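Residue numbers (our numbering), protein chains in the order written: chain A, 1 to 257; chain B, 258 to 478; chain C, 479 to 699.
Hints may be right or wrong, so weigh each one.
Label-pair ranges, simulated between beta-carbon atoms [stated by the list, open to error]:
id	chain 1	residue 1	chain 2	residue 2	range
1	A	His143	C	Arg527	20 to 26 Å
2	A	Gly17	B	Ser403	31 to 37 Å
3	A	Asp18	C	Val562	28 to 34 Å
4	B	Val461	C	Arg597	28 to 34 Å
5	C	Leu687	A	Gly24	56 to 62 Å
6	A	Thr77	C	Lys624	36 to 42 Å
7	B	Met393	A	Gly138	25 to 31 Å
Hint data in this document are derived by calculation from the structure and do not stem from the laboratory.
The structure displayed is predicted, hence computed values, not measured ones.
Just so you know, even glycine gets a beta-carbon here, dropped at the ideal spot from N, CA and C.
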Amino acid sequence: MTAHPILDVRGLHKRFGDHHVLKGIDFTVEPGERVAIIGGSGSGKSTFLRCLNFMEVLSEGEIRLDGTRIGLERKGTVTYPEKQLCQVRERLGMVFQQFNLFPHMSVLDNVMEGLVTVKGLPKPEARRIAEAELAKVGLTDKHSAWPGRLSGGQQQRVAIARALSMQPEILLFDEPTSSLDPELVGEVLRVIKQLAEEKRTMLLVTHELGFAYHFATKVIFLADGVFHEVGTPDEVLKTPSKPRTQDFLRRFGEFAF
Amino acid sequence: MEYSWDFGPVLERFDMLALGLLNTVKIAAVSIVLGVLVGLVLAMMRLSPRRWLSVPALVFIEFYRNTPPIVHFFWFFYALPVMLAVSLDPYAAAVLALSTQSGAFYAEVFRGGIVSIERGQWEGGRALGMTHAALMRRVIVPQAISRMVPPFIERSFELLKTTALASTLAYADLLYQAMMVNAETFRPLEVYTTIALMYLVLLVTASQLARLAEARLTAYQ
Amino acid sequence: MNYVPDFSIVTDNWIVLLRGLLVTIEIWIPSILIGLAGGFLLAQARLARSGWLRGVSLVYVELFRDTPVLIQLIWFFYAFPILVGLQLSPYAAALLALVLNTSAYASEIFRGGIRSIHRGQMEGALAIGMSRAQAMRRVILPQVVKRMLPAFTNRTIEVAKMSSLASVISVHELMYQGRLLSSTYYRPFEILTAVAFIYFVLIYPGTFLAGRLEKHLARSN
Numbered sequence: 001m002t003a004h005p006i007l008d009v010r011g012l013h014k015r016f017g018d019h020h021v022l023k024g025i026d027f028t029v030e031p032g033e034r035v036a037i038i039g040g041s042g043s044g045k046s047t048f049l050r051c052l053n054f055m056e057v058l059s060e061g062e063i064r065l066d067g068t069r070i071g072l073e074r075k076g077t078v079t080y081p082e083k084q085l086c087q088v089r090e091r092l093g094m095v096f097q098q099f100n101l102f103p104h105m106s107v108l109d110n111v112m113e114g115l116v117t118v119k120g121l122p123k124p125e126a127r128r129i130a131e132a133e134l135a136k137v138g139l140t141d142k143h144s145a146w147p148g149r150l151s152g153g154q155q156q157r158v159a160i161a162r163a164l165s166m167q168p169e170i171l172l173f174d175e176p177t178s179s180l181d182p183e184l185v186g187e188v189l190r191v192i193k194q195l196a197e198e199k200r201t202m203l204l205v206t207h208e209l210g211f212a213y214h215f216a217t218k219v220i221f222l223a224d225g226v227f228h229e230v231g232t233p234d235e236v237l238k239t240p241s242k243p244r245t246q247d248f249l250r251r252f253g254e255f256a257f
Numbered sequence: 258m259e260y261s262w263d264f265g266p267v268l269e270r271f272d273m274l275a276l277g278l279l280n281t282v283k284i285a286a287v288s289i290v291l292g293v294l295v296g297l298v299l300a301m302m303r304l305s306p307r308r309w310l311s312v313p314a315l316v317f318i319e320f321y322r323n324t325p326p327i328v329h330f331f332w333f334f335y336a337l338p339v340m341l342a343v344s345l346d347p348y349a350a351a352v353l354a355l356s357t358q359s360g361a362f363y364a365e366v367f368r369g370g371i372v373s374i375e376r377g378q379w380e381g382g383r384a385l386g387m388t389h390a391a392l393m394r395r396v397i398v399p400q401a402i403s404r405m406v407p408p409f410i411e412r413s414f415e416l417l418k419t420t421a422l423a424s425t426l427a428y429a430d431l432l433y434q435a436m437m438v439n440a441e442t443f444r445p446l447e448v449y450t451t452i453a454l455m456y457l458v459l460l461v462t463a464s465q466l467a468r469l470a471e472a473r474l475t476a477y478q
Numbered sequence: 479m480n481y482v483p484d485f486s487i488v489t490d491n492w493i494v495l496l497r498g499l500l501v502t503i504e505i506w507i508p509s510i511l512i513g514l515a516g517g518f519l520l521a522q523a524r525l526a527r528s529g530w531l532r533g534v535s536l537v538y539v540e541l542f543r544d545t546p547v548l549i550q551l552i553w554f555f556y557a558f559p560i561l562v563g564l565q566l567s568p569y570a571a572a573l574l575a576l577v578l579n580t581s582a583y584a585s586e587i588f589r590g591g592i593r594s595i596h597r598g599q600m601e602g603a604l605a606i607g608m609s610r611a612q613a614m615r616r617v618i619l620p621q622v623v624k625r626m627l628p629a630f631t632n633r634t635i636e637v638a639k640m641s642s643l644a645s646v647i648s649v650h651e652l653m654y655q656g657r658l659l660s661s662t663y664y665r666p667f668e669i670l671t672a673v674a675f676i677y678f679v680l681i682y683p684g685t686f687l688a689g690r691l692e693k694h695l696a697r698s699n
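Start from the sequences, fold in the hints, and give me the full structure.
Below you can see the structure in the form of C-alpha cells.
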C-alpha cells in the first residue's frame, strides 16, 4: 500500500459565473475505499465528481493523483495541458447518468474504442479484453447490437464495461441509476455491488440511500457546496449528528437497509 | 505597396448611391409581393389532387430551383421579348425574374408548412364535423403559418441579395449605380467597399426586423 | 406570336457551350471542396473557448452571409487587387470569392451539426482518456456527417448556381459563353433556353439526392 492517498483534493472551489457551487472542499481517497456521496439536487454532488476527472475545470484548488499535482502552475495561474488530462482520465473511469455510449458504434466497438484509440492496443487484444468485460456485466450476447436498441439497464452495463476496460484505478459513478426505469435499477446495482466485492476504489454519487449504506465504506453528505457530514454509513445514515443531515434523511423517508 | 484611401470622390456622389439603394429596396418589395402571389397559386396547384394542376406546378418549381438566377434575368430580358415580339424594360424583366423564382421557392415554403401539420390535427377537426374549408381555415393554416415564417424570411432575405443581379440588365439598383460612380471616379476599392457596407447595413437591418416579426408571429409555439 | 425557334444554332455551337461547362466545373468543384475545408476550420474557431477567435469568425461569417455574392465577386475582382497591389485573373478572383463565401456557409453547417450532438458524447469520449481531436474525429464527426449531408448537398447546389455569376467578371464559363453566343448570333431564346437546360441537368441530380437523403434521415431517426 502506498503511503499517500491515491486521490488528494485540497481547497476545491467551483463557480459557474456568479453561482458558487463548491466552496472549498478537502478530500482524500485511500486505495480500496468506496465513497458514497449523497445530497439534495443542486447540492453540487455531481459537479464535485465531474471536477475529479476534469469534466469541469476547477475554479480554485488542487488535485493530486498518486501524489502528483495535476495542472501546471505558472505565475499564479494554473493551466491544464490536454495531454495530462487525457492521462488522468485514463486512470479514472467514469460512468454517466445518461450512459453517453457512442450510438454509431456497436456495443463491442464502444468497449474497444478506448483500448484502441487511447491505449493503442492491437485490435485482437482489445477485442479479447472487451469481450471479457462484457461477460462480466452479463452482456455476452449483445456484442453486435447497437446501443440504441438496448434497454437503459443494458446500456448502463455496457457503459460500465467500457469504463472497466481501461483498467482504471478509481471508478466514478455519477448517478448511474437515476435515468433508469425502476425495474432496471437492480441489474445495474448488482454489477456495482460485484465490483465492490472485488475491493475496487470507487466513488458513487447516488440517490439510492439503501444501496449506499451497503456499498460504501464512507458516506459524505454534501450540502451548500461543502461536506456537511462525513463518516461511516452507520454514522451518517443511521445516527447523523447534524440537524441538516437528519432533515435530509427524513425527507427521503424510510429506506430499507 | 501602400494604397492611400480616398472616399472623397465617392461620398460626393453619395446621392447616386442613395438612389440605387432606394431602387434596390423598391424592386425587392415589389418582387416579394408578386412572389407571394405566384407562390400561393403554385402551392395550391401542387397540393391539388388533380395531376394536370400539380404536375405543371412541380415542373415549374423544380425548373426554377435548379437553374441559376442570372439565367432567369437574361432569359426574361433577352429571350422572352424575342419570342413574344414585345420589349421589356430592365425593371420589368428583373421583377419578372425575381418574382417567378421567389414564387417557386415560396410555393415550397407554403406547401411544406401545410403538409407538416400532423394527421391528428386533420382527424381531430374531421371528428368535430368540420368541413375541409373550415378545417383548413381554423386549424391547419393558423398552425402552418407559424412554421412557414422562418423559411419565408430566409427566402426573402435571399431575394433581397439576388436583386443585385438586376444591375446586369442595367437596372439602376445599388450595384449598377456603383458601377456608374466607379466610371466617373476610377476609385473601385472605395466604391465597392462603400456599397458592400451599404448592403451589409441594409441586410442586417432587414434581418433584425424580420427577427422581430418572427418572434411575434411564432409567439404561441 | 409566330416566332419559330431554331435550335440548330445550339447544336452548331455545342463545343463552345461544352468549353463553358468545363470552366463552370473548374470553378464549382474547387470552390466547394476548399470551401468545406475552410468551413470546418472556421467552425472550430466559432466553437473555440477563446472569445477573440469566436468574435473574428463570427464577423467573417456574417460579412459573407449578409452581402450579395455578386458584390463579393466584383469586390474581389475590382477592389481587392488595389488593396493588395496584385492583379488577379477573373478566374482567380471568382475562385477566391466563392471559396471564402462557401467557407462562411459551410462553417454554419458544421457548427450546427456539432452542436446538435449531445454534450454527453464529448464527455463520454474524454472520460475514457481521448484528446479533443480524437473525440472530434472518432465520436463527434461520424455522427454529424450523416446529419449534415443534406445541407452539404444543398450548399453544393448553391455553389453551382453561384458559379454562373462569374460571367459578370468575364470568366469564360457556361453563362458567359451563352451570353456571348446569344449576342453574336442574336438568337437569345434558343441559346439561353439551352443554357438553362444544361444548368438544370447539372444541378437537378444534387437536389434529387438532397431530398432523398433528408427523407432517409427523417425515417432513420
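Given the hint of 20 to 26 Å, is the C-beta distance from His143 (chain A) to Arg527 (chain C) inside that range or not? With a Cβ separation near 38 Å, His143 (chain A) and Arg527 (chain C) fall outside 20 to 26 Å, so the hint is violated.
Leu687 (chain C) paired with Gly24 (chain A), Cβ distance criterion 56 to 62 Å: 58 Å, holds
Is the gap between the beta carbons of Thr77 (chain A) and Lys624 (chain C) within 36 to 42 Å? 41 Å, holds
Cβ-Cβ distance between Val461 (chain B) and Arg597 (chain C): within 28 to 34 Å? Holds, at about 31 Å.
Using the Cβ atoms, figure out if Asp18 (chain A) sits within 28 to 34 Å of Val562 (chain C). The hint (28 to 34 Å, Cβ to Cβ) is violated, given that Asp18 (chain A) and Val562 (chain C) are roughly 47 Å apart.
Within 31 to 37 Å or not, the Cβ separation of Gly17 (chain A) and Ser403 (chain B)? Check passed, 33 Å falls within 31 to 37 Å.
Cβ-Cβ distance between Met393 (chain B) and Gly138 (chain A): within 25 to 31 Å? For Gly138 (chain A) against Met393 (chain B), whose Cβ atoms are near 56 Å apart, the range 25 to 31 Å is violated.
Hint compliance for this structure: hints 1, 3, 7 are not met, and every other hint is.
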